[in-house]
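Construct the entire structure; sequences and hints are all you get.
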Amino acid sequence: MASAQVVETSVTNNSPSQDSNHPDDLFQSRKEVDKGNAVAVAFIDFKKAFDCVQHEQLLTKLQKNFGILGPLHNWLKSYLSNRLQYTVVNGVKSKMQSVSVGIPQGSVLGPTLFALYTSDLPSSVPSGETYMFADDTTIYCVAENGDQAIYQLNKALKELYSWCLSNRLTPHPKKSEVMLLSKTDTVGPTPPVIIGGCLVKLVNKSRLLGVTVDDRLTWSPHLSEVKKSFTNKLNLLRKSKFLPKSV
-5 MASAQVVETS
5 VTNNSPSQDS
15 NHPDDLFQSR
25 KEVDKGNAVA
35 VAFIDFKKAF
45 DCVQHEQLLT
55 KLQKNFGILG
65 PLHNWLKSYL
75 SNRLQYTVVN
85 GVKSKMQSVS
95 VGIPQGSVLG
105 PTLFALYTSD
115 LPSSVPSGET
125 YMFADDTTIY
135 CVAENGDQAI
145 YQLNKALKEL
155 YSWCLSNRLT
165 PHPKKSEVML
175 LSKTDTVGPT
185 PPVIIGGCLV
195 KLVNKSRLLG
205 VTVDDRLTWS
215 PHLSEVKKSF
225 TNKLNLLRKS
235 KFLPKSV
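The opening residue of the sequence shown carries number -5 in the working numbering; numbering runs sequentially from there.
Simulated from the structure, these hints should not be mistaken for lab results. By construction, the Cβ of each residue, glycine as well, lies at the ideal position given by its N, Cα and C atoms. Incorrect hints may have been included.
Below, in silico cross-link-like pairs of lysine-lysine (DSS-like), each with a Cα-Cα straight-line distance of 30 Å or less [said to hold, decoys possible]:
id: 1; residue 1: 42; residue 2: 149
id: 2; residue 1: 149; residue 2: 195
id: 3; residue 1: 149; residue 2: 177
id: 4; residue 1: 42; residue 2: 89
id: 5; residue 1: 169; residue 2: 42
id: 6; residue 1: 168; residue 2: 199
id: 7; residue 1: 152; residue 2: 168
id: 8; residue 1: 25; residue 2: 169
id: 9; residue 1: 177; residue 2: 195
id: 10; residue 1: 41; residue 2: 168
id: 11; residue 1: 222; residue 2: 199
id: 12; residue 1: 169; residue 2: 149
id: 13; residue 1: 55; residue 2: 71
id: 14; residue 1: 71; residue 2: 42
id: 15; residue 1: 222; residue 2: 168
id: 16; residue 1: 42; residue 2: 58
id: 17; residue 1: 58; residue 2: 152
id: 18; residue 1: 41; residue 2: 89
id: 19; residue 1: 199; residue 2: 29
id: 20; residue 1: 177; residue 2: 152
id: 21; residue 1: 87; residue 2: 41
id: 22; residue 1: 149; residue 2: 199
id: 23; residue 1: 29; residue 2: 195
id: 24; residue 1: 71; residue 2: 41
id: 25; residue 1: 149; residue 2: 29
id: 26; residue 1: 195; residue 2: 25
id: 27; residue 1: 25; residue 2: 199
id: 28; residue 1: 177; residue 2: 221
id: 29; residue 1: 149; residue 2: 55
id: 30; residue 1: 41; residue 2: 58
id: 31; residue 1: 195; residue 2: 221
id: 32; residue 1: 195; residue 2: 152
id: 33; residue 1: 42; residue 2: 168
id: 34; residue 1: 58; residue 2: 71
Pair by pair, the computed Cβ-Cβ distance ranges are [claimed, not checked]:
id: 35; residue 1: 210; residue 2: 120; range: 26 to 32 Å
id: 36; residue 1: 162; residue 2: 127; range: 16 to 22 Å
id: 37; residue 1: 91; residue 2: 222; range: 40 to 46 Å
So this is what it looks like as structure tokens:
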């Protein structure tokens, strides 16, 4: 109930600049590639994203950006405050410690509060198009060729990193990936992509919300994975016909 009320209030009071009806990012990338352009894509991973949300910043954003005031705001403040946790190692329980940052993972409110906390990220990265689903963040930059697209993406990642510093979230360069979508091969080495002073690896395929995307947008890797998964399941079904009916 609380989650539904938070969503309803935030949508009702949301400004036009926070439009959630983004066009399909992969469809737009396909159109750009078909026109002969190059698209540089960054798949961003955050270190312990939910655990790093700052309570005071979150409560301020809920109030200023989404008009969440009064009893609902007070309830959310109470929900985040005075939380305690402990760990158990080899049957030994640690001392109870207070939790001053982070959103409870596995909670109904967790993804909603994180989405509201990061809702100003896309507008803080004007050099690229940013799409988000919970803590999965993808940035797209379009240019006439691969080098220009990578240059634009590096600008966007600097803007992303600046936002992260202000909001206490940390990008994970080793788990983040970059892919260059194009109809043609890049001539010469691809320029490096940097985030927070660290190199981000260039890949020819990556996972986006359960879909394997390749740099030519052929969908072949994804179809191969689906075929393999179904083949394994069908083999199990074939073997099951030899089992007794009582099983």
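Hint check:
Note on residue 42 and residue 149: the hinted pairing holds, with a Cα-Cα distance of about 24 Å set against a maximum of 30 Å. Distance restraint check for residue 149 and residue 195: the Cα-Cα separation of roughly 17 Å lies within the 30 Å cut-off, and the hinted pair is therefore satisfied. Of the supplied pair hints, the one linking residue 149 and residue 177 holds, its CA atoms being roughly 23 Å apart against a limit of 30 Å. Pair hint residue 42 plus residue 89 holds up; C-alpha atoms about 22 Å apart against a cutoff of 30 Å.
Taken as a hint, the residue 169 and residue 42 pair is honoured in the structure, with Cα atoms around 12 Å apart against an allowance of 30 Å. Annotation: proposed proximity of residue 168 to residue 199 holds, straight-line Cα distance about 16 Å (limit 30 Å). Distance check on the hinted pair: residue 152 and residue 168 sit about 17 Å apart at the alpha-carbon level, within 30 Å; holds. Between residue 25 and residue 169 the alpha-carbon distance is near 28 Å, which keeps this suggested pair within the 30 Å criterion.
Taking the CA atoms of residue 177 and residue 195, the gap is near 20 Å; set against the 30 Å cutoff, the hint holds. Simply put, residue 41 and residue 168 have alpha-carbon atoms about 10 Å apart, close enough for the 30 Å limit, and the pair holds. Restraint check: the Cα-Cα separation between residue 222 and residue 199 comes to about 17 Å, which is no more than 30 Å; the hinted pair holds. Proposed proximity of residue 169 and residue 149 is supported: the alpha carbons are some 20 Å apart, at most 30 Å.
For the hint pairing residue 55 with residue 71, the CA-to-CA distance comes to about 12 Å; that is within 30 Å, so the pair holds. Distance hint between residue 71 and residue 42 is fulfilled; the C-alpha atoms sit about 21 Å from each other, no more than 30 Å. For the given pair, residue 222 sits about 28 Å from residue 168 by alpha-carbon distance, which is consistent with the 30 Å threshold. Distance restraint check for residue 42 and residue 58: the Cα-Cα separation of roughly 25 Å lies within the 30 Å cut-off, and the hinted pair is therefore satisfied.
Note on residue 58 and residue 152: the hinted pairing holds, with a Cα-Cα distance of about 26 Å set against a maximum of 30 Å. For a cut-off of 30 Å, the pair hint linking residue 41 to residue 89 stands: about 25 Å separates their Cα positions. With a CA separation close to 21 Å, the supplied pair residue 199 and residue 29 stays within the 30 Å bound. Note on residue 177 and residue 152: the hinted pairing holds, with a Cα-Cα distance of about 27 Å set against a maximum of 30 Å.
For the hint linking residue 87 to residue 41, the alpha-carbon distance of about 26 Å falls within 30 Å, and the restraint holds. The straight-line distance between the Cα atoms of residue 149 and residue 199 is roughly 23 Å, inside the 30 Å bound, and the hint therefore holds. Between residue 29 and residue 195 the CA atoms are separated by roughly 26 Å; this keeps the pair inside 30 Å, and the hint holds. A distance of roughly 24 Å separates the Cα atoms of residue 71 and residue 41; the hinted pair therefore holds under the 30 Å criterion.
For the proposed pair residue 149 and residue 29, the alpha carbon gap of about 23 Å is at most 30 Å, so the pair holds. Only pairs whose Cα atoms come within 30 Å are accepted, and residue 195 paired with residue 25 is accepted, the gap being roughly 25 Å. Taken as a hint, the residue 25 and residue 199 pair is honoured in the structure, with Cα atoms around 19 Å apart against an allowance of 30 Å. Our distance criterion of 30 Å between C-alpha atoms is met by residue 177 and residue 221, whose separation comes to about 26 Å.
Proposed proximity of residue 149 and residue 55 is supported: the alpha carbons are some 26 Å apart, at most 30 Å. Distance restraint check for residue 41 and residue 58: the Cα-Cα separation of roughly 26 Å lies within the 30 Å cut-off, and the hinted pair is therefore satisfied. For a cut-off of 30 Å, the pair hint linking residue 195 to residue 221 stands: about 28 Å separates their Cα positions. For a cut-off of 30 Å, the pair hint linking residue 195 to residue 152 stands: about 16 Å separates their Cα positions.
A threshold of 30 Å between alpha carbons decides the hint, and for residue 42 with residue 168 the separation of about 14 Å falls inside it, so the pair holds. Distance check on the hinted pair: residue 58 and residue 71 sit about 15 Å apart at the alpha-carbon level, within 30 Å; holds. Take residue 210 and residue 120: their Cβ atoms lie about 28 Å apart, and the range 26 to 32 Å holds. A C-beta distance of roughly 21 Å is found between residue 162 and residue 127, which places it inside the suggested range of 16 to 22 Å.
A C-beta distance of roughly 45 Å is found between residue 91 and residue 222, which places it inside the suggested range of 40 to 46 Å.
The structure meets every hint from the earlier list without exception.
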